[in-house]
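Going line by line, the protein sequences match chains A and B. 55 is the number that full-length UniProt numbering gives to position 55 of the first sequence; each next residue is one higher, with no gaps. 102 is the number that full-length UniProt numbering gives to position 102 of the second sequence; each next residue is one higher, with no gaps.
Because the hints were derived from the structure by calculation, they are not lab data. All values derive from a computational prediction rather than experimental measurement. Accuracy of the hints is not assured; some may be wrong.
Said to hold, decoys possible - Distance condition first, Cα-Cα at most 25 angstroms in a straight line; then the derived DSS-like pairs of lysine-lysine:
#1 A:72 / B:31
#2 A:72 / B:86
#3 B:41 / B:86
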Amino acid sequence: MTVADEHGPERSDDDLVAAEYVLGVLAAEERAAAARRIETEPDFAHLVEHWEAHLAPMAGAYEAVEPPVNAKSVIDARLFGTEPAAQEKAGLWSSLAFWRGVAVAALLAFGTYVALTYTSLPFGSQPLEEQRFVASLAHDDTDVRYLAIYDSTKRDVALSHVSGARPDGRDFELWAIEGDRPPVSLGVIPVGSSVHVALSEALGAAIDAGAVFAITTEPLGGSPSGEPTGPVVALGDLRDI
Amino acid sequence: MTPDEITKLIFRTALRERAAFDLLYRHTSAKLFGVCLRVLKDRAEAEEALQDVYVKIWTKADRFAATDLSPITWLVAVARNHAIDKLRARKAPAAELDEAQAVADPMPNPESMAEAGSERRRIDACLGELETDRATAVRGAYLNGDSYAELAARFDVPLNTMRTWLRRSLLKLRECLER
C-alpha cells in the first residue's frame, strides 16, 4: 500500500509535503522544491504556515545560547559594509567600558542617530518607543498590504509596501478616518517599496486621537472630489497590535 | 520582551531602521543561535548560519507582515529552515550521526515541562498520544532536523515505512491539537 492510497487524493498530498517540510525530514532536493513552491504558490505557502504554527510549541525545547560577542558586527559588515577595522578589535568588543566610550563619543560626533543604535545605554530607545505606533494595513478581500509606522513627534507616516500591486491606471490613496467624520486624504501613496507621508498638525492630532488608516484605489493623481471614490483595499488601526 | 514589542521591532526592521534591527538581534539572537547550534551541532557552522539568518531577517522582514505567525514562531522558522538547509547541504559521515543522536533529548525533562507554556504542554500531551518511538522520531526531526533517511536507518525500517509512520503521526498530532 502506498502513502497516497492511505491518505486519499493528491490535494492532501500537498498538505503532507508542507508538514514534512516544516518537520524538516525532507532530503535536500525535496526541501529546495518545497521552498520554491512557497515562493510561487500562495496556497502551498498557507499550508506551510499552518504547520509552522501547529508545530511551533516544540521549539520551546531549544535552549537559548548567547552567540559570540562579535557575531553582530560580522552581520553588520555583511549588510552595511561597516568598517572591517571593528573586527580586529575583537577583544574590545566584549568590554562594557568600551561600548560606553563608543556610544558617548559617537553621540557627540553624530548626534542622536548613533545613540539610538546602542539602546542598552541610558539615552536609548525609550522616547523612540513612546512616540511610535505601528500598524499592518490589510483587507481580507485583497492582497494589498502595507506596514505603517507613525511617528507622532515628527508627524511622519512611514509606509512599507508588502504586497499587492495597484491596478493599471489607478493610484493608491491614503486616508485617515476619525470616528464618524468624513475620511481625510493624506494624499496619493508614492510608488516605491518604502515611502514617507508628512501630516499636518490637525491630521497628527486626529491620528493621536485614534483615527484609523485606510487605503483606496483612486484615479491617477487621487480622488477628484476629495472624498474616497474607489474601494477600500487595506485598512488598519495604528494601536491595534 | 513581549510578542507585540518583537512584532514592532520586525516591522521597523522592514522599514530599514537599523536601531530596531540592533534591538531585535539583542533580544532574539540567543534563541536563534540555540536553534542553529542544536541543528548543526558545530559551533563554527552555527555561527555562520546565525549570520545568514539575520541577513535574511533584515532583507525579508516585510514578509512577516504577510503571515499570521507569532513573531518568535516566524523568527524560529527562518532560523530552523536555514539551519536544516545547511545540514542537508553537508555530507555527514555516519559517526557524526551517532553523536548527534546522543546529544538529542527525545523527551522533555520534568523541569522544562513545568516552565513550559500551555501550548507546549498541549503539544507534549498530543505527542504523548503517539506511540513512543514515533513521538521520539517527530520530536527528533523537528528539533534536530533529522532526515527521513537518518530516521529510517536509526529505527531500522525502510525509508517508505518511516515516511508513512511520520505522515500518519503528523496527521494524528494535528487532529489532537485541533481537538
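Here is what the structure says about each hint:
no.	hint	in the structure
1	A:72 / B:31	holds (14 angstroms)
2	A:72 / B:86	holds (20 angstroms)
3	B:41 / B:86	holds (11 angstroms)
When held up to the earlier numbered hints, the structure conflicts with none and fits them all.
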